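Novice: So in this note's numbering, spot 135 of the sequence shown is number 135, and the numbers just go up one at a time.
In short, the hints are calculated from the structure, not lab data.
Among these hints, one or two may not hold up.
Beta-carbon label-pair distances, calculated as ranges [claimed, not checked]:
{"id": "1", "residue 1": "Tyr189", "residue 2": "Phe97", "range": "19 to 29 Å"}
{"id": "2", "residue 1": "Glu337", "residue 2": "Ala16", "range": "36 to 46 Å"}
{"id": "3", "residue 1": "Tyr228", "residue 2": "Leu54", "range": "51 to 61 Å"}
Here are the computed lysine-lysine pairs in the DSSO-like style, where the Cα-Cα straight-line distance is at most 27 Å [as the list claims (entries may be wrong)]:
{"id": "4", "residue 1": "Lys233", "residue 2": "Lys256"}
{"id": "5", "residue 1": "Lys331", "residue 2": "Lys308"}
{"id": "6", "residue 1": "Lys400", "residue 2": "Lys390"}
{"id": "7", "residue 1": "Lys400", "residue 2": "Lys233"}
{"id": "8", "residue 1": "Lys390", "residue 2": "Lys243"}
{"id": "9", "residue 1": "Lys390", "residue 2": "Lys233"}
{"id": "10", "residue 1": "Lys45", "residue 2": "Lys31"}
{"id": "11", "residue 1": "Lys256", "residue 2": "Lys243"}
{"id": "12", "residue 1": "Lys390", "residue 2": "Lys406"}
{"id": "13", "residue 1": "Lys412", "residue 2": "Lys400"}
{"id": "14", "residue 1": "Lys390", "residue 2": "Lys256"}
{"id": "15", "residue 1": "Lys256", "residue 2": "Lys400"}
{"id": "16", "residue 1": "Lys243", "residue 2": "Lys233"}
{"id": "17", "residue 1": "Lys333", "residue 2": "Lys308"}
Predicted, not measured: the structure shown is a model, and the values here were computed from it.
The beta carbon of each residue, even a glycine, is placed where N, CA and C say it ideally should be.
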Amino acid sequence: TADEVIGLILAGIATAVLLTGVVWSGWRTYKIDNTMHGVMVETAKTTSMVFIILIGAAMLTSAFRAFGGEELVRNFLSSLPGGFWAQFIVVMAVIFFLGFFLDFIEIAVVVVPIIAPILLSDPSANITAVWLGVMIGINIQTSFLTPPFGFALFYLRGVASAVVKTIEIYKGAVPFILLQLVGLAIAGYYPSLVNYLPNRIHLSSETAPPPMNPQLQECLEEYVFAYYDSEGKTLLAGVSRAKGLDISYLPESQQKPLVAGFEVVMGVSVLVDDVIAARNALDAYIPEYRPLHREVRSMQRRARLADKRLAELERRIRNWSAEYDGPESEKVKFESEFAVLSEERNTQLSQVPASWQGARDGFVERAKVLKKARIRYRQSVDSAYESVVKLRSLIEDADKLAALDKELTNLKRTVQDSSPEAAIAA
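Between the sequences and the hints, there should be enough to build the whole structure, so can you do that?
Specialist: Below, the structure is given as structure tokens:
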């Protein structure tokens, strides 16, 4: 179309101008004061230094592991009393000490690849790699402030006057180092803080598990409802057979929840029908309600924008000062704009159909009925399933209890025949 041709022409012109600007700026930096040459040389030096460090670190780590150094470190950490947390504290202390003399790059590429796998492989750790990485990063961050080789201290020394002594800069950095360590302790004591943002991002995404993601939970319910339609009779027949089982040997505390769960399962079909009926009623109402909803919301949105402008105009008129804001004629313009905008806003709101409130109430009522039906269904099925899971767990643990029968019998005899002190000791 003609519009597409115009768009392509404008895009081509913009691209040509952009490329011309890039080439021209590159030529100027190359010619003026030899800027580009100096920048490229310094960039090459820095990049080469970093890659040499990385290559050397990889060689050192490989040689360290080849000669059994990793096993020595693992055995040393494993021999420490206190389990994982003792190992973790020792590693953090070593990294903090190295920060006094090594750059953060050397610590990250030499020390971390050695100790991180050891800590993460500990079965008693119960930590994530993200948490460990953040803790190490916070610890390494203190190396910017720790004398004598902290980068931040060099920066301060460079901008401070000669009157300020280096030892005074070191003393001034101590509170900030302590704050870093306090932050490290807080992150270690509350691990959930470290993973808070990734978890929030995950739990608010489309793939988040229910109930944090209501849309996914509704998808699962649709799948379950379809399964009920095809296998509902088989499920109810199985529950009926289970109801006929002799459960008199079970404790009363287990019988009542189980029987109540059976009754709930038998009535699930009614709850499912309520959810489907409420959903169908809402779906049938939406085509009628949606056009009116969009029209009214558009009017209300324009009215809200007008309210913001009116509030600003009212503030300027109320606080008008001829000395700072200009002549009185400018104030008259604002007052005129205020009157016109107020009239437009009132006109917008007066055009809202009289049927809007009733239509809105009808939608809210149907949505509320669907929400209540879903809540009743979810609460019922969760409570019914919970009793069965607990009973299965108890039955599966029967063998473990039988294995303790002899010990419990001996303990009973000891309690009956021994003095209180001996019984407590036993």
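Novice: For each hint, tell me whether it holds in the structure or not.
Specialist: Each hint tested on the structure:
1. Look at Tyr189 against Phe97: about 22 Å separates their beta carbons, and that is inside 19 to 29 Å.
2. Between Glu337 and Ala16 the beta carbons are some 43 Å apart, a value that agrees with the proposed interval 36 to 46 Å.
3. Distance hint check for Tyr228 and Leu54: the Cβ-Cβ separation is about 58 Å, which falls inside the suggested range of 51 to 61 Å.
4. Proximity of Lys233 to Lys256 is assessed by CA-CA distance (about 25 Å); at most 27 Å being required, the pair is judged to hold.
5. Only pairs whose Cα atoms come within 27 Å are accepted, and Lys331 paired with Lys308 is accepted, the gap being roughly 18 Å.
6. Distance check on the hinted pair: Lys400 and Lys390 sit about 16 Å apart at the alpha-carbon level, within 27 Å; holds.
7. Simply put, Lys400 and Lys233 have alpha-carbon atoms about 37 Å apart, too far for the 27 Å limit, and the pair is violated.
8. At most 27 Å may separate the alpha-carbon atoms for a hinted pair to count; Lys390 and Lys243 meet this at roughly 17 Å.
9. About 25 Å separates the Cα atoms of Lys390 and Lys233, which keeps this hinted pair within 27 Å; it holds.
10. For the hint linking Lys45 to Lys31, the alpha-carbon distance of about 21 Å falls within 27 Å, and the restraint holds.
11. The hinted pair formed by Lys256 and Lys243 meets the criterion: a straight-line CA distance of about 12 Å does not exceed 27 Å.
12. Restraint check for Lys390 and Lys406: satisfied, since their Cα atoms lie roughly 25 Å apart, inside the 27 Å limit.
13. Of the pairs offered as hints, the one joining Lys412 and Lys400 holds, with about 18 Å between alpha carbons and a cut-off of 27 Å not exceeded.
14. Of the supplied pair hints, the one linking Lys390 and Lys256 holds, its CA atoms being roughly 13 Å apart against a limit of 27 Å.
15. Between the alpha carbons of Lys256 and Lys400 the distance comes to roughly 25 Å, so the proposed pair stays at or under 27 Å and holds.
16. Proposed proximity of Lys243 and Lys233 is supported: the alpha carbons are some 15 Å apart, at most 27 Å.
17. Under the criterion of a C-alpha separation no larger than 27 Å, the hint pairing Lys333 with Lys308 is consistent with the structure, at around 18 Å.
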